[in-house]
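Chemist: Position 315, counted from 1, in the sequence shown is what our numbering calls 315; the numbers after and before it change by one each time, with no gaps.
These are calculated hints, taken from the structure and not from any lab test.
Beta carbons: idealized from backbone N, C-alpha and C, even for Gly.
A portion of the hints provided could be inaccurate.
Unchecked claim - Distance ranges between label pairs, derived from CB positions:
hint, residue 1, residue 2, range
1, Arg24, Pro111, 39 to 45 Å
2, Pro111, Asp34, 32 to 38 Å
3, Arg28, Ser378, 23 to 29 Å
4, Thr88, Gly55, 16 to 22 Å
5, Arg28, Glu468, 51 to 57 Å
6, Arg4, Asp561, 40 to 46 Å
Unchecked claim - Below, computed lysine-lysine pairings styled on DSS-like, alpha-carbon distance capped at 27 Å:
hint, residue 1, residue 2
7, Lys388, Lys203
8, Lys521, Lys215
9, Lys388, Lys192
10, Lys373, Lys265
11, Lys521, Lys343
12, Lys492, Lys467
13, Lys373, Lys343
14, Lys462, Lys194
15, Lys373, Lys388
16, Lys492, Lys194
17, Lys203, Lys192
18, Lys194, Lys388
19, Lys467, Lys203
20, Lys194, Lys521
21, Lys261, Lys373
22, Lys506, Lys343
23, Lys373, Lys194
24, Lys388, Lys442
25, Lys506, Lys192
26, Lys215, Lys192
27, Lys192, Lys442
28, Lys373, Lys35
29, Lys442, Lys506
30, Lys462, Lys265
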Amino acid sequence: MTVRDQIATVTERIIERSRDSRSRYLDRIGHAADKGPQRSRLSCGNLAHGFAACGLSDKAALSGDVVPNLGIITAYNDMLSAHQPYETYPGLIRDAAHEVGAVAQVAGGVPAMCDGVTQGQDGMELSLFSRDVIAMSAAVGLSHQMFDAAVFLGICDKIVPGLAIAALSFGHLPAVFIPAGPMTTGISNDDKAKVRQLYAEGKVGRDALLESESKAYHGPGTCTFYGTANSNQMLMEIMGLHMPGASFINPGTPLREALTKEAAKRALAISALGNEFTPAGEIIDEKAIVNGVVGLHATGGSTNHTMHLVAIAATAGIKLTWDDISELSDVVPLLARVYPNGKADVNHFQAAGGLAFLIRELLGDGYLHQDVKTVYGSDLSGYTVEAKLDEDGNVIRQNAPEISGDETVLAPARTPFQETGGLKVLTGNLGKAVIKISAVAKERHIIEAPARVFHTQEDFLKAFSDKELTGDVAAVVRFQGPKACGMPELHKLTPCLGILQDRGHKVALITDGRMSGASGKVPAAIHVTPEAANGGPIAKIRDGDMIRIDAVTGELTVLVDAAEFEARPAAQEDLTHHQSGVGRDLFAAFRANVGAADTGAHVFGG
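Take the sequences, apply the hints, and build the full model.
Modeler: Okay, structure coming up:
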């Protein structure tokens, strides 16, 4: 099946740009794979340590190099609703391995922090950096060289990107990602947002707010809005690292458990000791990365992936840029309306046809590359199916429904919600930024408003509570980038910005921080780079400067005479209060070495 010309053009450009780095990567993982099973080269003392705690049968199996050993990298903890279900998965995976005459061991655990818990708190300044810590932690687990394949148990915001970076660093090993699924539906996202705004206006108290939040986030599983966590699941499936239909099955169900065991068996089957050797570094190629970007646009996914996908691609020697992402957004239609881009949640999306329907529609209209490798063993057409259980409890798959179960949630390609993905790169005399406009009303795609400059979220909130923000405003919140303080998400701003907009004012946000997958109805130029802490132009904005955000032409400009703006000194900020407390002192090396947002905001160089 042929892809559209625009998709092919971007893909070919990425292939050409990445030719040398991708070739070096493939050579490296090919050399590692050619060495064969790693355990055979371990000394007897090494190997004895590696299986000391195993049962006798597993020790006997691991003594040679014929029986595959599956490494489990887990992000389990029971504080995170999304990761709590993983507690029982290692047992399921071991059982599945034994059923096919193999072995499975937990290779290591990785940290998993919850952005929902740390939003607006000091701990949020560790969030983005946790992705790179997760990658390194997973690498430590796999470095024992005891394993022939790996499964990765992770689902939320920085965890899956970190695990994907690790999987590709060990790209000679097959890797299957195993999700845990979304929690069941609680109160509607609209109702939740209304209570948040009422609280911000002082019209309800903390008791009412906590009651509302607890009804929204009420059980095991991911949060049900379409933020970074659920965008992660879409990406792993559309890029071929999940089993088909695995992403949005609720935890604690027979189907969820059956899919977990199936994934473990599949990981073993595609190891070098199986019959269908498929290393992760060959699955994630330029076409798979483009498919991921297309899926992000078609579903209105998280803006965090403008950084995560760049970092993931770089690990595999692929040079993806913001311009590629923006150009693809111009031609990929929006087919899903899931909060904050609509009223539905991911359970409604799944019920309407889910990823099976979406992938089939995008493939059929030439937006996706079909000719890719997947852990399932098929090309991408094998992912146009829904997972079910037969009478004996085995996973079976059925073709996606021909018609969407709810066209207000999931649209066919012939009648999309909008013709573009709604994620644009903005450029101008303030540098580069990203804006997500799939939830922004068309009349707000172009905003000109006077700047009010803040150096913290708290300064903005104080100005709001003091009733200083009484007209049009372009809120500039700077010194929030990765070098300054780890690039926290700024969701504390969302209710107040929404209130100002609802009062009829022209409102926009410009920040070198993040707003992630929950970016909503207020136009927000985020991830501004160069950041203020690097002397970027955002550091020269002053109160009253007129700022223009044009999401149609892709413009981010301060309307000040060029010579005058150039001559202005960049503002300075004492950032010492961001450098200690809640572990921030341990991350000084990250702040000093982190790259820019448009190169993935990672610390791995290159």
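Chemist: Does each hint fit the structure? Answer for all of them.
Modeler: The hints, checked one at a time:
With their beta carbons about 30 Å apart, Arg24 and Pro111 fall outside the hinted range of 39 to 45 Å. Checked against the hint of 32 to 38 Å, the pair Pro111 and Asp34 passes, with Cβ atoms roughly 33 Å apart. With their beta carbons about 27 Å apart, Arg28 and Ser378 fall inside the hinted range of 23 to 29 Å. For the pair Thr88 and Gly55, the supplied restraint of 16 to 22 Å holds, since their beta-carbon distance comes to about 19 Å.
Taken as a hint, the range 51 to 57 Å holds for the pair Arg28 and Glu468, whose Cβ atoms sit roughly 56 Å apart. The supplied range of 40 to 46 Å is met by Arg4 and Asp561, whose beta-carbon atoms lie about 43 Å from each other. Distance hint between Lys388 and Lys203 is unfulfilled; the C-alpha atoms sit about 46 Å from each other, more than 27 Å. Distance restraint check for Lys521 and Lys215: the Cα-Cα separation of roughly 23 Å lies within the 27 Å cut-off, and the hinted pair is therefore satisfied.
Note on Lys388 and Lys192: the hinted pairing is violated, with a Cα-Cα distance of about 32 Å set against a maximum of 27 Å. Simply put, Lys373 and Lys265 have alpha-carbon atoms about 18 Å apart, close enough for the 27 Å limit, and the pair holds. Proximity of Lys521 to Lys343 is assessed by CA-CA distance (about 13 Å); at most 27 Å being required, the pair is judged to hold. At most 27 Å may separate the alpha-carbon atoms for a hinted pair to count; Lys492 and Lys467 meet this at roughly 17 Å.
Taking the CA atoms of Lys373 and Lys343, the gap is about 35 Å. The hint is violated against a cut of 27 Å. For the proposed pair Lys462 and Lys194, the alpha carbon gap of about 21 Å is at most 27 Å, so the pair holds. Restraint check for Lys373 and Lys388: the C-alpha separation of about 23 Å stays at or below 27 Å, so the hint holds. As the CA atoms of Lys492 and Lys194 are separated by approximately 15 Å, the hinted pair is consistent with the 27 Å bound.
Using a Cα cut-off of 27 Å, the hinted pair Lys203 and Lys192 holds, with the two alpha carbons roughly 14 Å apart. Of the pairs offered as hints, the one joining Lys194 and Lys388 is violated, with about 37 Å between alpha carbons and a cut-off of 27 Å exceeded. A hinted pair counts as satisfied when its Cα atoms are at most 27 Å apart, and Lys467 with Lys203 qualifies at roughly 15 Å. At most 27 Å may separate the alpha-carbon atoms for a hinted pair to count; Lys194 and Lys521 meet this at roughly 13 Å.
At most 27 Å may separate the alpha-carbon atoms for a hinted pair to count; Lys261 and Lys373 meet this at roughly 21 Å. A hinted pair counts as satisfied when its Cα atoms are at most 27 Å apart, and Lys506 with Lys343 qualifies at roughly 24 Å. A distance of roughly 44 Å separates the Cα atoms of Lys373 and Lys194; the hinted pair therefore is violated under the 27 Å criterion. With a C-alpha separation of about 40 Å, the suggested pairing of Lys388 with Lys442 is violated against the 27 Å cut-off.
Our distance criterion of 27 Å between C-alpha atoms is met by Lys506 and Lys192, whose separation comes to about 24 Å. Our distance criterion of 27 Å between C-alpha atoms is met by Lys215 and Lys192, whose separation comes to about 9 Å. For the given pair, Lys192 sits about 24 Å from Lys442 by alpha-carbon distance, which is consistent with the 27 Å threshold. Straight-line distance between C-alpha atoms of Lys373 and Lys35 comes to about 22 Å, which keeps the hinted pair within the 27 Å bound.
The suggested pairing of Lys442 with Lys506 holds, with an alpha-carbon distance near 13 Å, which does not exceed 27 Å. Straight-line distance between C-alpha atoms of Lys462 and Lys265 comes to about 55 Å, which puts the hinted pair past the 27 Å bound.
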